[in-house]
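Participant: Order-wise, the sequence lines are chains A and B. If you count by this note's numbering, then the first sequence holds residues 403 to 910, one letter each, in order. If you count by this note's numbering, then the second sequence holds residues 419 to 839, one letter each, in order.
Some clues are possibly wrong.
In silico lysine-lysine, DSS-like type, Cα no more than 27 Å apart, as pairs [unchecked claim]:
1) A:Lys-426 to A:Lys-630
2) B:Lys-532 to A:Lys-476
3) A:Lys-766 to B:Lys-451
4) A:Lys-683 to A:Lys-766
5) A:Lys-630 to A:Lys-683
6) A:Lys-548 to A:Lys-630
Hints listed in this document are in silico derivations from the structure and should not be mistaken for laboratory results.
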Amino acid sequence: MRLTLWTYEGPPHVGAMRVATGMKKLHYVLHAPQGDSYADLLFTMIERRDRRPPVTYTTFQARDLGSDTAALFKTACREAAERFQPDALIIGSSCTAELIQDDPGGIAATMGLNIPVIPLELPSYQRKENFGADETFFQIVKNLAKPCERTKTTSCNLIGPTALGFRHRDDITEITALLEDMGIAVNATAPMGASPATIRQLGRAHFNVLMYPETGEAACRWMERALKLPYTKTIPIGVGAVREFIDEISALTGIAPYLDTHRLRFPWYSASVDSTYLTGKRVFIFGDGTHVATAARIARDEMGFDVAGIGCYNREQARMIRSLAKDYDVDPLITDDYLEVESRISELVPEMILGTQMERHIGKRLGIPCAVISAPVHVQDFPARYSPQMGIEGANVIFDSWVHPLVMGLEEHLLHMFREDFEFHDDAGASHHGHPADLRASSADAESAGLSEASDILWLKEAEKELRKVPFFVRGKARRNTESFALERGLTEIDVETLYEAKAHYAR
Amino acid sequence: MNAMGCRDAPVLRERGQREVFCGLTSIIWLHRKMQDAFFLVVGSRTCAHLLQSAAGVMIFAEPRFGTLILEETDLAGLADAQQELDREVAKLRARRTDIRRLFLVGSCPSEVIKLDLGKAAERLTRQYAPHFQVINFSGSGIETTFTQGEDSCLAAMAEELPETDSRQLLLAGALPDVAQHQALDLLQQMGVSPVTVLPSLSAADAPSIGKNTVFALTQPFLAETHDALRRRGAHHIAAPFPFGEEGTTAWLRAIAQAFSVDPDLFDRVTEAPRRRARRAVAKAHEILHGQSVFFFPDSQLEIPLARFLTRECGMRAIEIGTPYLHREIAAPDLELIEAGPVISEGQDVDRQLDRVRAARPDLTVCGLGLANPLEAEGLTTKWAIELVFTPVHFYEQAGDLAGLFSRPVRRRTALQQMRAA
Numbered sequence: 403m404r405l406t407l408w409t410y411e412g413p414p415h416v417g418a419m420r421v422a423t424g425m426k427k428l429h430y431v432l433h434a435p436q437g438d439s440y441a442d443l444l445f446t447m448i449e450r451r452d453r454r455p456p457v458t459y460t461t462f463q464a465r466d467l468g469s470d471t472a473a474l475f476k477t478a479c480r481e482a483a484e485r486f487q488p489d490a491l492i493i494g495s496s497c498t499a500e501l502i503q504d505d506p507g508g509i510a511a512t513m514g515l516n517i518p519v520i521p522l523e524l525p526s527y528q529r530k531e532n533f534g535a536d537e538t539f540f541q542i543v544k545n546l547a548k549p550c551e552r553t554k555t556t557s558c559n560l561i562g563p564t565a566l567g568f569r570h571r572d573d574i575t576e577i578t579a580l581l582e583d584m585g586i587a588v589n590a591t592a593p594m595g596a597s598p599a600t601i602r603q604l605g606r607a608h609f610n611v612l613m614y615p616e617t618g619e620a621a622c623r624w625m626e627r628a629l630k631l632p633y634t635k636t637i638p639i640g641v642g643a644v645r646e647f648i649d650e651i652s653a654l655t656g657i658a659p660y661l662d663t664h665r666l667r668f669p670w671y672s673a674s675v676d677s678t679y680l681t682g683k684r685v686f687i688f689g690d691g692t693h694v695a696t697a698a699r700i701a702r703d704e705m706g707f708d709v710a711g712i713g714c715y716n717r718e719q720a721r722m723i724r725s726l727a728k729d730y731d732v733d734p735l736i737t738d739d740y741l742e743v744e745s746r747i748s749e750l751v752p753e754m755i756l757g758t759q760m761e762r763h764i765g766k767r768l769g770i771p772c773a774v775i776s777a778p779v780h781v782q783d784f785p786a787r788y789s790p791q792m793g794i795e796g797a798n799v800i801f802d803s804w805v806h807p808l809v810m811g812l813e814e815h816l817l818h819m820f821r822e823d824f825e826f827h828d829d830a831g832a833s834h835h836g837h838p839a840d841l842r843a844s845s846a847d848a849e850s851a852g853l854s855e856a857s858d859i860l861w862l863k864e865a866e867k868e869l870r871k872v873p874f875f876v877r878g879k880a881r882r883n884t885e886s887f888a889l890e891r892g893l894t895e896i897d898v899e900t901l902y903e904a905k906a907h908y909a910r
Numbered sequence: 419m420n421a422m423g424c425r426d427a428p429v430l431r432e433r434g435q436r437e438v439f440c441g442l443t444s445i446i447w448l449h450r451k452m453q454d455a456f457f458l459v460v461g462s463r464t465c466a467h468l469l470q471s472a473a474g475v476m477i478f479a480e481p482r483f484g485t486l487i488l489e490e491t492d493l494a495g496l497a498d499a500q501q502e503l504d505r506e507v508a509k510l511r512a513r514r515t516d517i518r519r520l521f522l523v524g525s526c527p528s529e530v531i532k533l534d535l536g537k538a539a540e541r542l543t544r545q546y547a548p549h550f551q552v553i554n555f556s557g558s559g560i561e562t563t564f565t566q567g568e569d570s571c572l573a574a575m576a577e578e579l580p581e582t583d584s585r586q587l588l589l590a591g592a593l594p595d596v597a598q599h600q601a602l603d604l605l606q607q608m609g610v611s612p613v614t615v616l617p618s619l620s621a622a623d624a625p626s627i628g629k630n631t632v633f634a635l636t637q638p639f640l641a642e643t644h645d646a647l648r649r650r651g652a653h654h655i656a657a658p659f660p661f662g663e664e665g666t667t668a669w670l671r672a673i674a675q676a677f678s679v680d681p682d683l684f685d686r687v688t689e690a691p692r693r694r695a696r697r698a699v700a701k702a703h704e705i706l707h708g709q710s711v712f713f714f715p716d717s718q719l720e721i722p723l724a725r726f727l728t729r730e731c732g733m734r735a736i737e738i739g740t741p742y743l744h745r746e747i748a749a750p751d752l753e754l755i756e757a758g759p760v761i762s763e764g765q766d767v768d769r770q771l772d773r774v775r776a777a778r779p780d781l782t783v784c785g786l787g788l789a790n791p792l793e794a795e796g797l798t799t800k801w802a803i804e805l806v807f808t809p810v811h812f813y814e815q816a817g818d819l820a821g822l823f824s825r826p827v828r829r830r831t832a833l834q835q836m837r838a839a
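Construct the entire structure; sequences and hints are all you get.
Facilitator: Right, dumping it as structure tokens:
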């Protein structure tokens with residue numbers, strides 16, 4: 403048993419639901435008790451879907467357990483096939499049904515339904531949501547896709563986008579346009595938007611674009627072997643990665659590389675002087691492996707940040723993140739326990755977090771700004787506006803959304819200049835965030851010398867006063883740096899001298 | 419109107435796919451109500467994911483609930499589940515020294531593998547007595563629907579309450595603080611005393627119970643609690659539930675009669691808030707009267723709310739679905755609902771969707787999984803979960819309660835032009 407307060411991933415059958423809900427004319431019969439239908443609201447509320455997920459829950463109750471839950475499954479399965487008339491069925495168990503071992507896949511196969519019936523084996527007590535999505539899509543492809551004649555002109559499939567994916571909707575649009583610019587048509591996008599008929603035609607493409615390894619890699623590997631479709635390895639998130647992606651496609655197809663960059667603003671925005679203040683900002687990056695890897699590259703090579711730590715919650719990407727961590731000379735953190743993530747962030751005291759909605763909450767608690775780069779998703783991750791992560795516009799979106807939580811460059815200077823001002827003081831926060839600024843209460847309040855966080859060190863009043871002059875967004879770090887500087891030297895008191903000694907020591 | 423209203427109306431019993439939460443969801447509000455309690459679910463990743471998703475937004479602090487996720491080793495019998503529980507509870511106690519009450523909450527998987535949490539609760543209570551109490555209840559989806567989680571929690575607590583012989587009123591049901599204060603204040607003004615509350619804010623002020631205790635339910639879904647309190651010798655005051663001006667007055671009057679409150683005093687105490695409640699509801703009445711309403715089963719609040727909407731807001735009920743119908747508890751509300759609507763118990767969601775599409779009600783009250791899909795089909799919906807998270811009981815909230823239903827209708831009107839285009 404393991405205590406979990408918040409989880410990064412749902413159970414594997416929710417991954418299967420993400421595939422089914424993204425697709426058309428496919429129905430999922432899930433052997434499950436009534437409460438498991440909560441998962442519908444993830445799609446209807448977070449993603450604002452206008453249709454119920456195509457899932458039938460068999461809804462067994464305690465009183466059914468002694469009798470015939472298998473018969474209940476049969477009835478639900480037959481009624482679903484009749485009512486929804488899908489072109490294929492996927493069959494699975496949720497965690498509770500796995501324990502009662504009815505073998506719903508086996509039962510469905512013998513029911514004489516005249517459509518393909520695809521059984522899923524998703525071990526609920528070992529694996530999680532991403533595995534569930536990846537495995538489900540792989541089974542669908544393996545069961546339905548067949549080798550077929552290639553399209554006359556070069557075409558590809560976009561593989562991996564699902565319902566409830568982080569910006570999948572807009573990434574599809576962006577990558578489709580990018581490929582069209584090179585003269586490459588999209589034969590199919592799957593699972594999102596695909597029907598079983600589309601899956602049968604995947605083999606018409608010349609290659610696959612693997613957009614999200616989390617949900618599409620197993621299928622891509624199988625198609626490489628069985629359908630002779632090579633797939634791209636570069637995830638086109640960030641300026642450098644997009645260019646590399648174009649080169650990779652050119653090498654795969656023999657088509658000359660082409661990238662329309664007239665709307666690409668990221669490089670100039672990052673080079674312009676207002677961005678100088680971004681230099682060397684220490685960032686901690688956490689999320690799914692794919693988004694973390696791309697974010698690390700953008701952070702270091704395109705924003706000029708200093709990567710203080712990286713990690714991912716999905717074990718499937720642990721090896722990749724571990725080897726990447728070596729390049730960045732940081733310790734990788736592979737965990738799905740948010741308390742561990744929180745304690746790592748508290749240790750590293752980064753100036754910014756690039757994380758998930760969980761890290762956004764951790765950041766709120768610790769007073770560290772955070773930009774969201776990865777699932778698990780929140781209703782905020784489905785904005786009305788076009789907001790991809792991939793391609794040219796994706797890079798622009800990333801620049802804006804990473805800078806937004808920070809105090810803007812010029813504003814940071816002004817805060818330094820006016821930090822004694824009663825109105826424009828540092829506790830007022832960034833002017834583009836909605837909260838009202840508190841007027842500074844009184845000088846007495848500002849002087850209330852706090853005990854240090856390391857309780858055996860005393861801050862002298864003058865030093866405490868001096869510390870208050872440091873802008874709020876770096877004050878915590880200044881305090882901690884000064885204290886560890888003092889500790890290392892065996893000091894028990896901090897005076898103004900110690901504060902500035904420490905400042906010089908940590909200067910970069 | 420028939421004197422018995424819907425009391426003896428035939429019930430459409432449905433058995434099929436349900437679109438409802440399991441009882442674990444109750445933890446979302448119960449943990450806010452008992453501030454020295456921790457709710458430890460013994461279950462699967464699905465349970466943890468449900469709690470997180472139902473909470474909607476993550477709570478901005480370490481939550482006072484968590485899930486002990488069963489792993490392969492637990493299922494294969496390789497690990498001794500009781501030892502594992504002891505270890506995890508010891509760790510939790512070390513980290514959260516403020517916790518006085520621990521609820522071990524059973525789930526679908528823990529019940530299917532027959533993990534004896536009752537035994538664990540007894541052992542742990544003995545081990546940590548006297549300042550740490552461990553109580554077991556089930557929130558599993560194979561046993562409980564949504565608000566029934568609170569019911570089984572309060573029923574389990576009722577078994578453990580100390581004994582008393584003194585005459586008192588006990589109010590059962592977790593209410594938002596603001597509503598609870600109003601009820602206690604009105605009862606105090608009428609001279610009803612002492613009044614205790616289940617669940618109490620902290621273990622220290624837990625109520626006692628005995629044969630001179632009379633109790634009133636503040637929530638209609640407390641059937642098991644009702645039975646548990648009666649087993650402890652307490653007497654139930656049957657009444658309509660305190661929603662709206664009429665419901666609140668009837669509920670208070672039943673208590674006042676049990677405590678022989680002078681009718682003049684009753685009128686004096688209730689007169690001003692009754693007037694305010696009627697005035698506040700009148701605004702929503704303008705919008706809601708003549709409109710039809712259809713309830714999907716969700717929280718068991720459906721019957722008293724249908725009574726409120728039909729009698730105080732002038733609406734017409736087409737179908738009143740409830741996950742579970744407890745005839746005795748629902749009778750006072752059913753009697754007040756004019757015969758006509760279909761009363762349905764349980765669910766076959768696809769068939770119920772066929773009925774709602776055929777009826778095309780002006781307002782559909784349903785869960786979050788159905789609301790947007792129905793809106794997309796042109797139906798106006800009110801999501802039901804808000805009704806258990808928002809203060810809606812008693813006089814001062816009557817207007818807010820009506821507002822929850824009139825807002826979607828007002829919104830439909832406001833957006834009409836844009837949506838037509």
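Participant: For every hint, state whether the structure bears it out.
Facilitator: Hint check:
For the hint pairing Lys-426 of chain A with Lys-630 of chain A, the CA-to-CA distance comes to about 26 Å; that is within 27 Å, so the pair holds. A C-alpha spacing of about 26 Å is found between Lys-532 of chain B and Lys-476 of chain A, which places the hinted pair at or below 27 Å, so the restraint holds. For the suggested pair Lys-766 of chain A and Lys-451 of chain B, the alpha carbons sit about 25 Å apart, so the restraint of at most 27 Å is met. A threshold of 27 Å between alpha carbons decides the hint, and for Lys-683 of chain A with Lys-766 of chain A the separation of about 18 Å falls inside it, so the pair holds.
As the CA atoms of Lys-630 of chain A and Lys-683 of chain A are separated by approximately 45 Å, the hinted pair breaks the 27 Å bound. Simply put, Lys-548 of chain A and Lys-630 of chain A have alpha-carbon atoms about 11 Å apart, close enough for the 27 Å limit, and the pair holds.
Hint violations for this structure: number 5 only, all remaining hints satisfied.
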